[in-house]
Amino acid sequence: MTILEVQDLKTYYSTLKGDVKAVDGVRLQMEKGESLGLVGESGCGKTTLALAIMRLLPWNGRIVGGKILLNDVDIVGLDEAIFDKDYRWKRMAYVFQGAMNALNPVFKVGDQIAEAITIHEDVAKREALDRARELFSLVGIDPGRITSYPHELSGGMKQRAMIAMALACNPDFIIADEPTTALDVIVQAQTLEVINELQKKLGITMMLITHDLSVVAQTCTTCAIMYAGNLVEYADIDTTFSDPVHPYTQALISAFPSIKEDRRELISISGVPPNLLNPPTGCRFNPRCPHRMDICTKEKPEYLEIGDRHFAACHLLTNGG
Amino acid sequence: MKGEAELKVVNLRKWFPVRRGIVSTLLSRKTEYVKAVDGVSFEVRKGEVFGLAGESGCGKTTTGKTVLRLLEPTGGEIYFEGRDITALNKAEMKQMRRKMQIIYQDPYQSLNPRMTVFDIISEPINVHRLSDSPAETEEIVHKSLEDVELIPAEDFVFRFPHELSGGQRQRVAVARTIILQPSFIVADEPISMLDVSIRAGILKVMLQTKEAQDITYIFITHDLAYARHICHRGAIMYLGKIVELASMDNLVNNPLHPYTIALMMAVPVPDPTLGKARAVISGEVPTPINPPSGCRFHPRCSKATDICSRQEPELVEVSGGHFVACHHAH
Numbered sequence: 021m022t023i024l025e026v027q028d029l030k031t032y033y034s035t036l037k038g039d040v041k042a043v044d045g046v047r048l049q050m051e052k053g054e055s056l057g058l059v060g061e062s063g064c065g066k067t068t069l070a071l072a073i074m075r076l077l078p079w080n081g082r083i084v085g086g087k088i089l090l091n092d093v094d095i096v097g098l099d100e101a102i103f104d105k106d107y108r109w110k111r112m113a114y115v116f117q118g119a120m121n122a123l124n125p126v127f128k129v130g131d132q133i134a135e136a137i138t139i140h141e142d143v144a145k146r147e148a149l150d151r152a153r154e155l156f157s158l159v160g161i162d163p164g165r166i167t168s169y170p171h172e173l174s175g176g177m178k179q180r181a182m183i184a185m186a187l188a189c190n191p192d193f194i195i196a197d198e199p200t201t202a203l204d205v206i207v208q209a210q211t212l213e214v215i216n217e218l219q220k221k222l223g224i225t226m227m228l229i230t231h232d233l234s235v236v237a238q239t240c241t242t243c244a245i246m247y248a249g250n251l252v253e254y255a256d257i258d259t260t261f262s263d264p265v266h267p268y269t270q271a272l273i274s275a276f277p278s279i280k281e282d283r284r285e286l287i288s289i290s291g292v293p294p295n296l297l298n299p300p301t302g303c304r305f306n307p308r309c310p311h312r313m314d315i316c317t318k319e320k321p322e323y324l325e326i327g328d329r330h331f332a333a334c335h336l337l338t339n340g341g
Numbered sequence: 017m018k019g020e021a022e023l024k025v026v027n028l029r030k031w032f033p034v035r036r037g038i039v040s041t042l043l044s045r046k047t048e049y050v051k052a053v054d055g056v057s058f059e060v061r062k063g064e065v066f067g068l069a070g071e072s073g074c075g076k077t078t079t080g081k082t083v084l085r086l087l088e089p090t091g092g093e094i095y096f097e098g099r100d101i102t103a104l105n106k107a108e109m110k111q112m113r114r115k116m117q118i119i120y121q122d123p124y125q126s127l128n129p130r131m132t133v134f135d136i137i138s139e140p141i142n143v144h145r146l147s148d149s150p151a152e153t154e155e156i157v158h159k160s161l162e163d164v165e166l167i168p169a170e171d172f173v174f175r176f177p178h179e180l181s182g183g184q185r186q187r188v189a190v191a192r193t194i195i196l197q198p199s200f201i202v203a204d205e206p207i208s209m210l211d212v213s214i215r216a217g218i219l220k221v222m223l224q225t226k227e228a229q230d231i232t233y234i235f236i237t238h239d240l241a242y243a244r245h246i247c248h249r250g251a252i253m254y255l256g257k258i259v260e261l262a263s264m265d266n267l268v269n270n271p272l273h274p275y276t277i278a279l280m281m282a283v284p285v286p287d288p289t290l291g292k293a294r295a296v297i298s299g300e301v302p303t304p305i306n307p308p309s310g311c312r313f314h315p316r317c318s319k320a321t322d323i324c325s326r327q328e329p330e331l332v333e334v335s336g337g338h339f340v341a342c343h344h345a346h
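Chains as they are written, first to last, in my numbering: chain U, 21 to 341; chain X, 17 to 346.
Just chain X, same shape as in the assembly (with noise of 0.2 angstroms):
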């Protein structure tokens, strides 16, 4: 049913140590951390594309990762379908993989290149016993590449990775993740790696698996472009934090937190008679590793005033659906 939240993150933390000298380690000094994730909140609805969005560093790929247990949490809670996943155990976390799965940014790396595509497709279903017979598996593996339009299936079965363009391998990832007929499906900059010709393709065999099998996406990506085309709701997240959540259109539209402002302005537009995309804030996203004091974003923001430097702002809804983290915001 739509509205129901398929997936619920409270609170989600991941925080790597940075690794350190002998000296300092000797001297027992503090571990410091980078803090990649450090506090977010959000809800996925079931069967909407949920956009999480952000300049790199800012804890979008950490954030998609961590939902999926391919890291693990620092703190948090991630409810999948209504459950704790972060307290199940291996074998229980191995049973819920097959509804939430992950499809990569670059198909270049992500399939193996030993494996023809017929064993990196059919490999999920012999890892989750879901075929009784080779011929089975066969029909399965052929209904999936027939899925992703890599047709007829037979051309493409005993090619290896290297045989196949950037767009036919990240079809073939697409048809690995879809074989399992998952409900959840965490893409990382699936076309980012892609040409812009054949950019739309891939989205469009994502989409259309997305409406027979009712899939819930999030669709992280650095291109609001795009975003905006494929998304229903999206988050903007900066050095770990959400900053802003709301409907794409009212992003786009209707952007209140300084950050996603001046993010929106800066997204070139293919057309010369409209303005030109400006650069309204100066500088570059600061480490992770020692954030800024209170609102992360103060030191380059405009409307700062003293208690930005201060307190941290919550994320708390301005409107229907409209949640924003900034004190001069609402």
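Next comes chain U alone, as it looks inside the complex (with noise of 0.2 angstroms):
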């Protein structure tokens, strides 16, 4: 079953030297418990991606086409009131990236967890309480904590009652943007412990956002590659690894370091990622492609299924190479 599905999505920024083309006709499909890894360096449009599906982009930001369906709706086009009652936080949930600035620091936890329940749900304040203390536990956490301010938490009890919050009311989606980024090694092996366990008790349908390749081979069931504002490979994440297709996917992936191998030189990709105000013609990557042809600063790639759910934009699939 797809749960949330997104047609040639645009997204631009607008500012005083014209228009940010952050995300520029991203197609995407989810399934029902599908572990999303989204995948990319950073300005490549991953956050304003996962902003514009919450509709929570900065007063700049706007959706200039395309369609985000959830369970077959259209929420682009929804009534902010509407959308505000019963989308965002009841059927998709966002954990911000950063949770160490993300909790307001004058309210307990539990009272903040419970806040975004009786918002969004017809119960008393007592049994909000109970069910953050639920979910407290079910992130690991003891539930007596719920009367901590966040100043009294550690980072990552911090990242986990984030967690805690953004199931708070059952949604049906979660955004989990660089949930471990600001982690230490340790704790970020505990914080994706749980997502995973998460993932298996609950079954919840998660895009996990962030630029470690690493992370999302840990705890994805599939990896997008985004690149200036597009996605440029989309497969299950054992083909990812095995057998990427886009170059851009395969260079990332080789200058990805690992502790398991033996010691070997690392390799970059030349160049820089481009400037989304004047993104390159054709193919985005082509400056900084190995494989670059003339077609590709000529025309953009289409972005193809090539194998079963295994989509890519890259000329070299279509016109030989």
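Read the hints as simulated data drawn from the structure, not as lab findings. A quick note: this is a predicted structure, and the numbers were derived from the prediction, not measured. Just so you know, even glycine gets a beta-carbon here, dropped at the ideal spot from N, CA and C. One should not assume that every hint holds.
27 angstroms max Cα-Cα, derived DSSO-like pairs, lysine-lysine [unchecked claim]: (1) U:Lys280 / X:Lys226; (2) U:Lys280 / X:Lys220; (3) U:Lys30 / U:Lys52; (4) U:Lys87 / U:Lys320; (5) X:Lys115 / U:Lys220; (6) U:Lys280 / X:Lys319; (7) X:Lys292 / U:Lys280; (8) X:Lys24 / X:Lys115; (9) X:Lys24 / U:Lys221; (10) X:Lys292 / U:Lys52.
So, partial list: chain U residues that the calculated Cβ filter (under 8 angstroms) puts toward chain X [said to hold, decoys possible]: (11) Glu61; (12) Ala209; (13) Glu213; (14) Leu233; (15) Ala237; (16) Asp258; (17) Gln270; (18) Ile273; (19) Ala275; (20) Arg283; (21) Arg284; (22) Leu286; (23) Ile287; (24) Val292; (25) Ile326.
Using the hints, put the two chains back together into the complex; each one sits in its own frame.
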């Protein structure tokens, strides 16, 4: 069953210098229970895509085209009041980047979670606090800690509290934006274990945004690689690592060091990610691509299904090479 | 010559006093200290890349800054090329600094936004009076820009930091450091702020100049996967102490300290067919103000026994060049 379908989504930011095309024609489909890793470098538009889905774009950002279907309802055109009451946090929740700063420092964490529940559901505060306690034990925090203030929790506990808050209204779909980036390696492993367990127990559909391929390899069932506002490849997690077809995916994987391999020289990708005010014509990766052909500078490659649920956008796939 | 100690640190300590409120000052309660580095000894051999790794707050950056005397040590000795630099006065230290340099983590903060690339890179030459004429300065600056692959150099000299990408900024920071032809550099998380696709490029220029100029590096990092590929030997720190010191191969494949073992198991691997990273220890690093007694790791350690809470384990050599500080690791 398809939970989320993004059709040709375009999200631009207006600036004094013109439109920044942060998301420029993204197509994506997520099945129930899927755990998708959305991977890309900073500025590639992955957070913008997530904010567009949650309709939390900053004032200068806007969706200029495309559809976002959640259970077959297009949420782009929905009335804000309805979206706020019935969708945001109720059907889809967001674990914000940097849990350290995402909690309100002057309220107890339990009250913050209870607030999210009482706004969306017709329950008494006491009941909501009971739910908060359950959620805390679900993510592995002592339920008694709901009376703590954020500063009394460690970084890892705050991140878990954020995950608990996202689960508060039993959403169909969760977006976690760099949930482990600010954490140390052991706490990161603890947090990823919590996420893996929740997926097993609750079967949540989740989009995990990260720049860290190793986190995706360990947590997700599918992987989408984003570059300069476009998805360049989508596949299940094993195919992504064993048989990537897009040169950017290949380069990103070989640039990523593994502690399990022998010492080797690390490989970088030449050049820098493009400025999205003036992205390169044709394929946006072409200035950095080792396999560049004439057509790559002229025509934007189509995002095609090249195998069972394996999509990629590269001229090599259609024009030989 | 390889194998010789370029830097030797003996029982280095750096304590920071904790700021207190006026009441406790008046009541003259005992000053508390954050023992960021508390008795650390190691040697860095000439020409090697020595890794200092650990979680945030373990004291790795403080160690790096203290061995350069950018922070004054609270105690201990630092021998650089055989001389104890803790005894040097300001003028002597300035001379020494030419040989001992640092690359900072964040190229967005370490470059003065009001200075051009030329001014940034030429400043060390002016400070140490290494050039006889403006023409020579220009030549040296161009050469060092080419060394870090900012080519053509003339395109970059008159730019300001805000006109450069993160990777280019870090290259400027590297150029500024190597222009003095130092023999020893502390690189404090030089790539952690950068995107994956450009990290290897920065490391490449650092290591190329290392070969060309025979530079010894301390590479401070929290990312063990990078340490694995860059460092020859390394030390794992926990709460201001070194818990294990060995060749990188041994640290990765044959870790002996329970903390090192836990760290290695927690590192995620970019390969879905290999086993998942696991958190074999719970909890988080406690505060370094009142660290646990005995072995600082004992409250989180599954092997801990009585002795661990009473007696602090020494860092002892268990096999050739493999040191570990644990009562139960040998």
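| Index of numbered hints that the structure contradicts, given in increasing order | 5, 9, 17 and 25
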